Structures are given as C-alpha cells and as structure tokens.
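Student: If you read the sequences in order, they're chains A and B. Using this note's numbering, read the first sequence as starting at 58 and increasing by one per residue. Using this note's numbering, read the second sequence as starting at 58 and increasing by one per residue.
Hints may be right or wrong, so weigh each one.
Just so you know, same-sequence chains aren't split out, so a pair can sit in one copy or run between any two.
Said to hold, decoys possible - Only pairs whose alpha carbons sit at most 25 Å apart, straight line, appear in this in silico SDA-like list of lysine to any residue: (1) Lys92 to Ser205; (2) Lys222 to Ile237; (3) Lys111 to His89; (4) Lys81 to Gln157; (5) Lys74 to Val106; (6) Lys227 to Tyr216; (7) Lys92 to Ala156.
Hints in this document: simulated from the structure, not taken from any laboratory. Quick caveat, the model's predicted, so the values are computed rather than measured.
There are 2 protein chains.
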Amino acid sequence: MEFPSKLIEDAVNEVSKLPGIGKKTALRLVLHLLKRDEEQTQSLAESLVAMRSKVKHCRKCHNLSDNDLCSICASHKRDRSLICVVEDTRDVLAIENTAQYKGMYHVLGGIISPVEGVGPSDLHIESLVDRLRDPDGDAIKEVILALSPTMEGDTTAFYLQKKLKTFPVKISTIARGVPIGGDLEYADEVTLGRSILSRISYE
Amino acid sequence: MEFPSKLIEDAVNEVSKLPGIGKKTALRLVLHLLKRDEEQTQSLAESLVAMRSKVKHCRKCHNLSDNDLCSICASHKRDRSLICVVEDTRDVLAIENTAQYKGMYHVLGGIISPVEGVGPSDLHIESLVDRLRDPDGDAIKEVILALSPTMEGDTTAFYLQKKLKTFPVKISTIARGVPIGGDLEYADEVTLGRSILSRISYE
Numbered sequence: 058m059e060f061p062s063k064l065i066e067d068a069v070n071e072v073s074k075l076p077g078i079g080k081k082t083a084l085r086l087v088l089h090l091l092k093r094d095e096e097q098t099q100s101l102a103e104s105l106v107a108m109r110s111k112v113k114h115c116r117k118c119h120n121l122s123d124n125d126l127c128s129i130c131a132s133h134k135r136d137r138s139l140i141c142v143v144e145d146t147r148d149v150l151a152i153e154n155t156a157q158y159k160g161m162y163h164v165l166g167g168i169i170s171p172v173e174g175v176g177p178s179d180l181h182i183e184s185l186v187d188r189l190r191d192p193d194g195d196a197i198k199e200v201i202l203a204l205s206p207t208m209e210g211d212t213t214a215f216y217l218q219k220k221l222k223t224f225p226v227k228i229s230t231i232a233r234g235v236p237i238g239g240d241l242e243y244a245d246e247v248t249l250g251r252s253i254l255s256r257i258s259y260e
Numbered sequence: 058m059e060f061p062s063k064l065i066e067d068a069v070n071e072v073s074k075l076p077g078i079g080k081k082t083a084l085r086l087v088l089h090l091l092k093r094d095e096e097q098t099q100s101l102a103e104s105l106v107a108m109r110s111k112v113k114h115c116r117k118c119h120n121l122s123d124n125d126l127c128s129i130c131a132s133h134k135r136d137r138s139l140i141c142v143v144e145d146t147r148d149v150l151a152i153e154n155t156a157q158y159k160g161m162y163h164v165l166g167g168i169i170s171p172v173e174g175v176g177p178s179d180l181h182i183e184s185l186v187d188r189l190r191d192p193d194g195d196a197i198k199e200v201i202l203a204l205s206p207t208m209e210g211d212t213t214a215f216y217l218q219k220k221l222k223t224f225p226v227k228i229s230t231i232a233r234g235v236p237i238g239g240d241l242e243y244a245d246e247v248t249l250g251r252s253i254l255s256r257i258s259y260e
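Produce the entire structure from the sequences given, and follow the hints as far as they go.
Tutor: Below you can see the structure in the form of structure tokens.
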C-alpha cells in the first residue's frame, strides 16, 4: 500500500505493531482519528504514555496497580487466609468478574514454558514462598492454583505443589470438567474423561 | 469490568473509543504495551499525535498530504487531463493499488447523505468546479466519477453530473457489473440486471 503521507504511514506502521491489528485495520483507525477532534488523539496518546510509565506492580501480589500495594492487597474486606495463584492480571480480572472469590491473589507473571524459555526463576515464585514463610499477620490456610488447563499450566502447578508442600497450608486447584451451558456431546474427550474421574458426589 | 488501576482503566477507555474495538480488545492491547518496552508506547503515541497535528489536505485535490500539494498533484508523470472524483482518501489508495489509473484525483471528503445531514455544500464540490473553470494549465478532458454504487453515491453522482455538464469535458462513471472471479449464480439480481443492460460488445 502506498500512503499519501509519510506521517500517516508512520502512524499506520506503529498501530499495526499491536497484536491482531493489520495494516488495513490500522489505516481505518488512523483515518478515524483524523476525522475526530485533535483532543481525542491527544488524550489517547497521553493516557497510553501515562499508563505505560506510571503503572506499577503490587509489591505483595505483583498485580498491576497504581500504588505500591494494589487495591486488593490493601483492602480490609478480603479474606487473607486464601491466596489464588494466577498467571497474569487478566486472570485476576476474570476471577474478580465472577464475584465468587473474596481472597487474595498472587500473580506469577507467566507460566513455566521450556519452549518459550520461561523457567521457574522467571516467575514470581520465590515471593509466593516468602508470603507463606512470613505471612505478615495473614493466617494463610489455602493456596488455590488457578492456572490454565494446558501442558504449561499443569507443569507450573506441579512445580508449585512440590515447592509449597513443606508449608502447613492446603493446596487446591480449580475444578476441571464440562463447561456449564455446554452440550455434553460437543465436550472434548479429555475434558469429559476427566470430568467422570473427578465426579462430585451429592451429599 | 473492574480494573486494578485507574491508569489502565483510562487507557482502556481511550482505546475502546476507536471503531470496532471493545473493552476486552482494548485491555488486551493495553496489557500488550505493558509487556513491551516503554519506547514502543512512546513512539506509538508520538506518531499518532504528529500525524493528527501535522497532516494537511492537498490544496488542489483535498487528498491527505504532508505538504500543501500532495505527491500526486505535484507529480509530472501523471495524466493531467483526467480527474477521478472519489469520496475519501481510502478510495484513492484503493484505486492507486490497482495500478490502472495514471490521472489526477479530487477527494470530495464525503458523500451527499440527507439522512446524515451531509449536503453538497459540506463537500469539496465548489473547488472541483473551480478546477474545471480555471484549469491552471491542465487541459482537463474527462471527469471520472468513482463513487460507491449506493443510493448516496448515485445521488452525489447525479448532482455532480448536473453541476459539471456546462463544462466541455466528458463525464464518466466506473463500470458496474459482476465482480471478476465471482460466480454468476451468486451475483445479486440488481447487479446482474445492470450488467446485462450495460453489456459491452466485442469489437
């Protein structure tokens, strides 16, 4: 594509570096900004730069935060006896959206993946161990591993289990089974097989 | 969605103002930027602001341009006897990509649409008339109307025809018919009907 302007070409190139955005979509977005007020582009640019330069990671759970301590770690309404271990911030958001969990979090910042060269030392695992070793007033009873049901997630969960089993806390994982609302006949065989093995008895 | 940080929330809100980008996609893009170098966000923001504040419209054809005169209007290799009238810059890019046209352009900046309150005076029609009245050395022979084959496009084409017919130039429109590579049985009946009426005889 030959652009009528170097400025537009530069902007399109920058926008198309974002994941899932190709040149055509980038051009559509850039031309959209040209039709709108200059202030809209200005505030978009400012909010991105401010976000990138000022967002911190919570020193306790490594979740993204505006302050040293994130709003969940700073809250007095959360159950401090539970720690839910997740891969990244999006998982925290997803679990928070269920409104079913009122405990604390620990964000690993990734998942063990030999293929991508991510080992245990690249993740926030030591600080999780530290939280259990020195609970700082929190009487931690349970660590819930909420990792993706993939090979990498299972590897990470296995590693964490071994690492944490010396502490007197319960270690659990989120249930795996057929998704609610899904049709049994369309469930894949691995999931369906697992859901039979981990069947829940009516009490 | 409850964001862990006001800065992220602001950035997500700004990004999701772009067309076709919802909150979830915006969050994905913002978290992507957080994982990359700060320079990437900086150069994205700078290129958008530079583009928005510095891009001009060519004073002759109203195409987007870095300079007063766009590269097409400034070029000596183009055929100055042809003016192709289009709705916006994207149409110029689309026609340029065909590599079939070597004339000049005139960008209307929109299309007559009573529903959206766009009348002839909102478009660059007077300056097109001026180009015909005072061709500034260009011996204009033909004006090609390359407008969308929609109600609005046809209305605009009809208006332009009436407006331009006093000038001694040929006025034409791009051919309408079955798209090349398309299957006849899937062509819609209006297009197929028109393609029979405007049939082309083998010479």
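Student: Take the hints in turn and mark each one as holding or not.
Tutor: Hint check results:
no.	hint	result
1	Lys92 to Ser205	between (42 Å within a copy, 20 Å between copies)
2	Lys222 to Ile237	neither (32 Å within a copy, 67 Å between copies)
3	Lys111 to His89	between (28 Å within a copy, 15 Å between copies)
4	Lys81 to Gln157	between (41 Å within a copy, 21 Å between copies)
5	Lys74 to Val106	both (16 Å within a copy, 17 Å between copies)
6	Lys227 to Tyr216	within (15 Å within a copy, 77 Å between copies)
7	Lys92 to Ala156	neither (40 Å within a copy, 27 Å between copies)
Hint compliance for this structure: hints 2 and 7 are broken, all remaining hints hold.
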